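Colleague: So the chains spell out like this:
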Amino acid sequence: MNDALLNSPVVSVRRAGLVLLGLLVAVFISIWVATCFGAAETYSVTEVAHVIAFKLGLSHEAPAANTMVIIWELRLPRVALALLVGAALAVAGALLQALFENPMADSFVVGVSPGAALGGVIAASLGFQASFGGLNSVTLLAFVGALGTTALVYQLAKRGGKVSVSLLLLTGLAVGGLATAFTTMLLMRLDAFSLRSSMNWLFGSLANHGWNYVLALAPYTAVGIAVSIAFWRELNLLSLGEETAHHLGVPLERTKLILLVTAALLAAASVAASGIIGFVGLIVPHIVRKLAGPNHRLVLTGSVLAGGLLLLWADLFSRQIVMSEEMPIGVITSILGGLFFLGLLARTKSRLA
Amino acid sequence: MSAAYQIDRISAGYGSRNVLQDVSLDLRRGELVGVIGPNGCGKSTLLRVMTGLLAPSGGEVLLEGNPLASYTRRLVARQVAVVPQSQSPIFAFTVREVVEMGRAPWQRGWNTPSSEDKRLVAGALEQCDLLGLEDRPVNELSGGELQRVAVARAIAQGTSILLLDEPTSHLDLGHQLAIFNLLHKLAADCNVAVLCVSHDLHLAPEYCDRLILMGRGKVVAVGTPKEILTQKNLRAIYGVDVEIHLNPHTGHPYVLLTRPEEKEKA
Numbered sequence: 002m003n004d005a006l007l008n009s010p011v012v013s014v015r016r017a018g019l020v021l022l023g024l025l026v027a028v029f030i031s032i033w034v035a036t037c038f039g040a041a042e043t044y045s046v047t048e049v050a051h052v053i054a055f056k057l058g059l060s061h062e063a064p065a066a067n068t069m070v071i072i073w074e075l076r077l078p079r080v081a082l083a084l085l086v087g088a089a090l091a092v093a094g095a096l097l098q099a100l101f102e103n104p105m106a107d108s109f110v111v112g113v114s115p116g117a118a119l120g121g122v123i124a125a126s127l128g129f130q131a132s133f134g135g136l137n138s139v140t141l142l143a144f145v146g147a148l149g150t151t152a153l154v155y156q157l158a159k160r161g162g163k164v165s166v167s168l169l170l171l172t173g174l175a176v177g178g179l180a181t182a183f184t185t186m187l188l189m190r191l192d193a194f195s196l197r198s199s200m201n202w203l204f205g206s207l208a209n210h211g212w213n214y215v216l217a218l219a220p221y222t223a224v225g226i227a228v229s230i231a232f233w234r235e236l237n238l239l240s241l242g243e244e245t246a247h248h249l250g251v252p253l254e255r256t257k258l259i260l261l262v263t264a265a266l267l268a269a270a271s272v273a274a275s276g277i278i279g280f281v282g283l284i285v286p287h288i289v290r291k292l293a294g295p296n297h298r299l300v301l302t303g304s305v306l307a308g309g310l311l312l313l314w315a316d317l318f319s320r321q322i323v324m325s326e327e328m329p330i331g332v333i334t335s336i337l338g339g340l341f342f343l344g345l346l347a348r349t350k351s352r353l354a
Numbered sequence: 549m550s551a552a553y554q555i556d557r558i559s560a561g562y563g564s565r566n567v568l569q570d571v572s573l574d575l576r577r578g579e580l581v582g583v584i585g586p587n588g589c590g591k592s593t594l595l596r597v598m599t600g601l602l603a604p605s606g607g608e609v610l611l612e613g614n615p616l617a618s619y620t621r622r623l624v625a626r627q628v629a630v631v632p633q634s635q636s637p638i639f640a641f642t643v644r645e646v647v648e649m650g651r652a653p654w655q656r657g658w659n660t661p662s663s664e665d666k667r668l669v670a671g672a673l674e675q676c677d678l679l680g681l682e683d684r685p686v687n688e689l690s691g692g693e694l695q696r697v698a699v700a701r702a703i704a705q706g707t708s709i710l711l712l713d714e715p716t717s718h719l720d721l722g723h724q725l726a727i728f729n730l731l732h733k734l735a736a737d738c739n740v741a742v743l744c745v746s747h748d749l750h751l752a753p754e755y756c757d758r759l760i761l762m763g764r765g766k767v768v769a770v771g772t773p774k775e776i777l778t779q780k781n782l783r784a785i786y787g788v789d790v791e792i793h794l795n796p797h798t799g800h801p802y803v804l805l806t807r808p809e810e811k812e813k814a
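In the order they appear, the protein sequences are chains A and B. Counting from 2, one number per residue, gives the positions in the first sequence under the numbering used here. Counting from 549, one number per residue, gives the positions in the second sequence under the numbering used here.
Extracted from the complex, chain B is given alone in its bound form:
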């Protein structure tokens, strides 16, 4: 079976500024992949290329074995759901209406939602802890609530591929955990290919099957969280000294930050 996404040596940028250079990666069904790296390293640009918002200046993006550009927008939206970085809605659609719009790639004409649409929407609302908020206008929600609405909309889309850009950046501890749990379940139980950009060096290594470490527009390393989270890698990419510990319950690595002045004292 071909990879859900296969990205082969792409370069991309804005105007004369090149942001991505020679980036290759693949994404398979049933795995949760985390993309980590410092600000401005090209994580979001990578997502823009993968979703067709930005055409690469070189290289190739294959979706289910075919060039991304060979699909209509609607056909892509039936296979790939995207959770963009935080948005601020203007119009007073309710939470349910916005989540229901995740079904748009499957709907036509004057139709109102089918029973299948309603079932998926209700499921997505429940999974993202939005029950009780369904009739609230989205322009009155907090940043964290909005983020859960965006995740719910993507889940309601019912696609086999899910791409997320920092979906937990505005969430409290409980909801961060819940979203990563949900992503893990989608990959493991529903065979979805999930790629998640994140700055969270606790939860991403805990839940992801693979991590992609990016720096200065390039993929620096790809591997299991244990292979990627090393003192050497993080010093090279983030320029900070950290300690790597293992979660005593699961054996997954996590990052412990140390203050620079304590280093000097020691």
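Just chain A, same shape as in the assembly:
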């Protein structure tokens, strides 16, 4: 035993620190880009800072009215929502991947996303109007649908007080498939206008949401992320396999339930806000693990930043790519995700050969 052996992990800790710092810097630069540039007008940092300072009561000199509207009412809430939704999706993905010991798991596998979609489309087809805490009926029913499906999947996968992970995965796929079928059935019966708005929501969009939306979703996302990070050690142990986690002191059933509910809450909040944005939960933890290693202390904190970053840029793209109309952000992330995975598969193949 020598000193080098005792001290060598320092290197990887430093590298992980650099990765987190780099992500943080990238997030700030991206916030600046997303707020200053846009279809309507380009603003300087000073103008943006002026608007923020005025709104926070730090400056008494009012900026121009249309500047204020574009920056404060349109761009900043959209940036904030992208960061929140991206972080929530990425962290939910990281949780489910550790829980299922499967790097391909995300919020689709436990039925969260299909359940949310069904809830949202039910609201649209019933045409009923309700609002609660700044959220409209589609958002509310999507939330209920997501949590309801997860609860159903969990109950169906339960055998004698225990939940086997493989049974959970299969039940999730089956229930998700059913939810998708019902969603399609309801969509076919909608009139042209409702169909169009439902499709826009389903494919994911961050448009047309104000601060009240951001504030309504922030608590769920914050609590979900905090709980996830508090369980970083258990997540590391679980990703070695359930039995090993048990032998190393993790109370399995309680921990699995807490993590599943947390993942469902995070995914539900994001789907409710912005529809189904695919692949973020899948790629982001994957990339963070590649950069900073598989330790969940870093995977989770890194996913918060990288998830927000990815969605912010996907949203910037979706605003710019088609001039006449906005492309749903879910389409952008799915294209990025699909290409990313094809690249990954190509590399895997060459290594196998």
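No lab work stands behind these hints: they were computed from the structure. Computed from a prediction, not measured in an experiment: that's the story for all the values here. The beta carbon of each residue, even a glycine, is placed where N, CA and C say it ideally should be. Any given hint could be a false lead.
[Unchecked claim] Partial chain A-side listing against chain B, Cβ under 8 Å, derived:
1) LEU57
2) GLY58
3) SER60
4) PRO104
5) ARG234
6) ASN237
7) SER240
8) GLY242
9) HIS248
10) LEU249
11) PRO252
12) ASN296
[As the list claims (entries may be wrong)] Label-pair distances were calculated between CB atoms; the ranges are:
13) GLU244/A - ARG565/B: 14 to 22 Å
14) ASP677/B - CYS37/A: 16 to 24 Å
15) ILE288/A - SER618/B: 38 to 46 Å
Dock chain B against chain A, hints included.
Modeller: Positioned in the frame of chain A, the structure of chain B alone reads:
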């Protein structure tokens, strides 16, 4: 002093299928006990009951004199370390990170490993011949290397009881010998209670203080290797004819297999 483990007439199974019937045994500090028996005789199920993964349908499991179920998972993990049968890790943790996770029952919060943790981890890496592999990702290791990582993690856990399920099944000759030597040393020098499921009828009788012979979900015989390894016992349990010889250097018994057709010729 009470036994580390005391198992009293347990039955256990999966659904309606009963695998263990009326199994009793005890495990004391400072002894290395081998569990032998044919495939499907309930060896692994016995370990699942002892580690709390499977609740027995009858009987009692006492850990240091108290019912196993009366402890929290964390408290059990501070007393009992387990080396499960071979696993295939998905995520690219390094060998050191995985061995360090053996310290999890002793750690809390955001903390990084203490100097005590680092000392135990370094010791375990050295004892399992993993020096030089510390920074390799575990999902790129061979089956034998993984098995040594699992043993190292259990040793780093620093418990007074160690349970192992076929820890040498993927190991080469040199490492098989090294692991049994290590288990013997833990029992004899560090007063650890070691129970090891094994199919190795050379090394288990050579190193174990006692052998437990299982067959069809029951304990058939318990005793010293000489008492257990008899032609009669092995024919009854494994259905094969064998010769028992004594190691000329240590006097411990070992099993010599004979081919059935040679028997017929003779």
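Colleague: Any hints from earlier that this structure breaks? Give me their numbers in increasing order, please.
Modeller: 1, 2, 3, 14
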